[in-house]
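S.K.: Chains as they are written, first to last, in the numbering used here: chain A, 1091 to 1242; chain B, 1091 to 1242; chain C, 1091 to 1242; chain D, 1091 to 1242.
Worth flagging that the hints you see were computed from the coordinates, not collected in a lab.
Warning: the hint list may mix true and false statements.
The list cannot tell twin chains apart, which means a pair is met if one copy fits it or any two copies do.
Quick list of in silico lysine to any residue cross-link-like pairs, SDA-like style, CA-CA up to 25 Å [said to hold, decoys possible]:
id	residue 1	residue 2
1	K1166	R1204
2	K1229	E1201
3	K1229	I1167
4	K1147	P1099
5	K1166	R1186
6	K1166	T1138
7	K1229	V1200
8	K1147	R1218
9	K1229	A1198
10	K1166	A1225
11	K1229	P1123
12	K1166	Q1228
13	K1229	V1159
Remember, predicted model here, so these are calculated numbers, not experimental data.
4 protein chains.
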Amino acid sequence: MNDNQFVPPQDAFTRTVAIRFSHCDPAGVVYFPHYFDMFNGLIEDWYTEQLGVDYSKLILGDRHGFPYVHIETDFKIPSRMGEHLDLTLLLTRIGRSSLTVTIVGHLAGVERLRARLVTTMTSLETQRSVELPHALRQKFEAYLRLTGQAQS
Amino acid sequence: MNDNQFVPPQDAFTRTVAIRFSHCDPAGVVYFPHYFDMFNGLIEDWYTEQLGVDYSKLILGDRHGFPYVHIETDFKIPSRMGEHLDLTLLLTRIGRSSLTVTIVGHLAGVERLRARLVTTMTSLETQRSVELPHALRQKFEAYLRLTGQAQS
Amino acid sequence: MNDNQFVPPQDAFTRTVAIRFSHCDPAGVVYFPHYFDMFNGLIEDWYTEQLGVDYSKLILGDRHGFPYVHIETDFKIPSRMGEHLDLTLLLTRIGRSSLTVTIVGHLAGVERLRARLVTTMTSLETQRSVELPHALRQKFEAYLRLTGQAQS
Amino acid sequence: MNDNQFVPPQDAFTRTVAIRFSHCDPAGVVYFPHYFDMFNGLIEDWYTEQLGVDYSKLILGDRHGFPYVHIETDFKIPSRMGEHLDLTLLLTRIGRSSLTVTIVGHLAGVERLRARLVTTMTSLETQRSVELPHALRQKFEAYLRLTGQAQS
Chain A
1091 MNDNQFVPPQ DAFTRTVAIR FSHCDPAGVV YFPHYFDMFN GLIEDWYTEQ LGVDYSKLIL
1151 GDRHGFPYVH IETDFKIPSR MGEHLDLTLL LTRIGRSSLT VTIVGHLAGV ERLRARLVTT
1211 MTSLETQRSV ELPHALRQKF EAYLRLTGQA QS
Chain B
1091 MNDNQFVPPQ DAFTRTVAIR FSHCDPAGVV YFPHYFDMFN GLIEDWYTEQ LGVDYSKLIL
1151 GDRHGFPYVH IETDFKIPSR MGEHLDLTLL LTRIGRSSLT VTIVGHLAGV ERLRARLVTT
1211 MTSLETQRSV ELPHALRQKF EAYLRLTGQA QS
Chain C
1091 MNDNQFVPPQ DAFTRTVAIR FSHCDPAGVV YFPHYFDMFN GLIEDWYTEQ LGVDYSKLIL
1151 GDRHGFPYVH IETDFKIPSR MGEHLDLTLL LTRIGRSSLT VTIVGHLAGV ERLRARLVTT
1211 MTSLETQRSV ELPHALRQKF EAYLRLTGQA QS
Chain D
1091 MNDNQFVPPQ DAFTRTVAIR FSHCDPAGVV YFPHYFDMFN GLIEDWYTEQ LGVDYSKLIL
1151 GDRHGFPYVH IETDFKIPSR MGEHLDLTLL LTRIGRSSLT VTIVGHLAGV ERLRARLVTT
1211 MTSLETQRSV ELPHALRQKF EAYLRLTGQA QS
């Protein structure tokens, strides 16, 4: 049995990224900083499409920021131009002002990379962390219930 | 005392990156995937300028790859357009085919971010890891002696 | 009447790009090099989805390149995070080994930017231009018939 | 005689860019949007290092923007990892609120690419173009005298 096997929890938020020419380096595989850009895009889409929260309004309207404070990533199998990589977002932890998400990149049931990202909600005016608003916290908790226990 | 204080070991490889307009996002700070691109550039320069190994020949000539297998990063203080961020490369561990480096981003003696990156030397032909060549290992060991104990 | 009005020809290839946080700069609008990356992605999708030609096989399998030899772009109206920009690809000219495409970025019927890109088909082995293969030329001509006269 | 020969005017602003692994695509040459990022960086450095104007203060302090309204580029010879590309900035035209610069990429006396970029000074508050301030115009005119006639 392949220990890289990955089956996303039912109802977990998954989006497929087409690996493009522009993602790849002279070795023919994705240049790794592009994965972090894909993660950020996935989180943006998760807010908007899954939680029903317009991410751009959170930033531009409410003047909130979501800087990353910690990121850990394991790169297991490289991806190549023409492949379609599935990215699944799992919730790991809901803190007072922070949120920890796990993003798993997988293809055909095999895990290719896994990242844990800790982000903190801040005010762009004061640059300080702010408590997660109640309505947002409820949406996070609903997603956690939907996708199962917090993932490590 | 500020626990973010950072004094690089004497003789450690440090390069300064001018934070540009293009690095920054609508929140006015560096968009985080750019840091990973800066790390890769620093490692490239370290091979060429510090170790005297032409990194492009390692890739294009000898057909070696240096994919990252694990990355951990703590983002402590954001950086803004017009600032000059110092990046210092420390060696953490020399393995059989892998190398672990710690990169500290600092400005005016204060640590802003810290990353640990594990990279494995591979053959681009076989896509498998290869043992670090003796000459390269000696250069890594010399740098380790120059900059002090392995850093965690 | 607004002279920036734009109605794409019926059956023209159009894809919508969500303008993301990561596309935008401290001025809050798309940092212009990202548009060129979007253009390249649109052309890639046009080959694969409209013409039925797997672009990654053209590059990786047949070892062809499609370098740009000339690009002209007019930027008329900036785009912001949260907007959805439509990109329409029109054929301008089919040469012996070159192809000229016009890409129009538009939103709600108003043209925001327009680019003309000349690309040449090359062999990655010889680095020289090659004549467009007959089958590919036929697909280009069919798209030209579908979308009307060559556009300037 | 090679009609791609290029000798920059004496005293023209030139900076060298090390072509990195990260700039290059699976075809082994610079992925073209990176050139536009290099152009923007060159212009930024030209303001700060040549004209003595802190570009970040113009943006963040004075709240000015310098969006591009038109760009034309000829790509003549591709560049590869490990090469050092010289970029020279020439002034083409000083308008009421716009500035046209020509950037030539060259290596060992041979021109590899040439771009003409028209930028307009705007107010980030009103999003409208503003007249170039007198002090800035004088600096542009001094650079024009230094490097010879306006270039086409």
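S.K.: Each hint: holds or not?
M.R.: Going through the hints against the structure:
1. K1166 to R1204: Answer is both; intra-copy 8 Å and inter-copy 22 Å each pass.
2. K1229 to E1201: neither (27 Å within a copy, 35 Å between copies)
3. K1229 to I1167: neither (33 Å within a copy, 29 Å between copies)
4. K1147 to P1099: Cα proximity of K1147 and P1099: none, with 29 Å in one copy and 33 Å across.
5. K1166 to R1186: Only across copies: K1166 and R1186 sit 18 Å apart there, 32 Å inside one copy, limit 25 Å.
6. K1166 to T1138: Classified as neither: same-chain Cα gap 29 Å, cross-chain 27 Å, threshold 25 Å.
7. K1229 to V1200: For K1229 and V1200, the Cα distance exceeds 25 Å both inside one copy (29 Å) and across copies (36 Å).
8. K1147 to R1218: both (19 Å within a copy, 24 Å between copies)
9. K1229 to A1198: neither (30 Å within a copy, 32 Å between copies)
10. K1166 to A1225: neither (37 Å within a copy, 28 Å between copies)
11. K1229 to P1123: Neither way: K1229 and P1123 sit 29 Å apart in one copy and 27 Å across, limit 25 Å.
12. K1166 to Q1228: Answer is neither: 34 Å inside a copy and 28 Å across each miss the 25 Å cutoff.
13. K1229 to V1159: within (22 Å within a copy, 33 Å between copies)
Hints 2, 3, 4, 6, 7, 9, 10, 11 and 12 from the earlier list are contradicted by this structure; the remaining hints agree with it.
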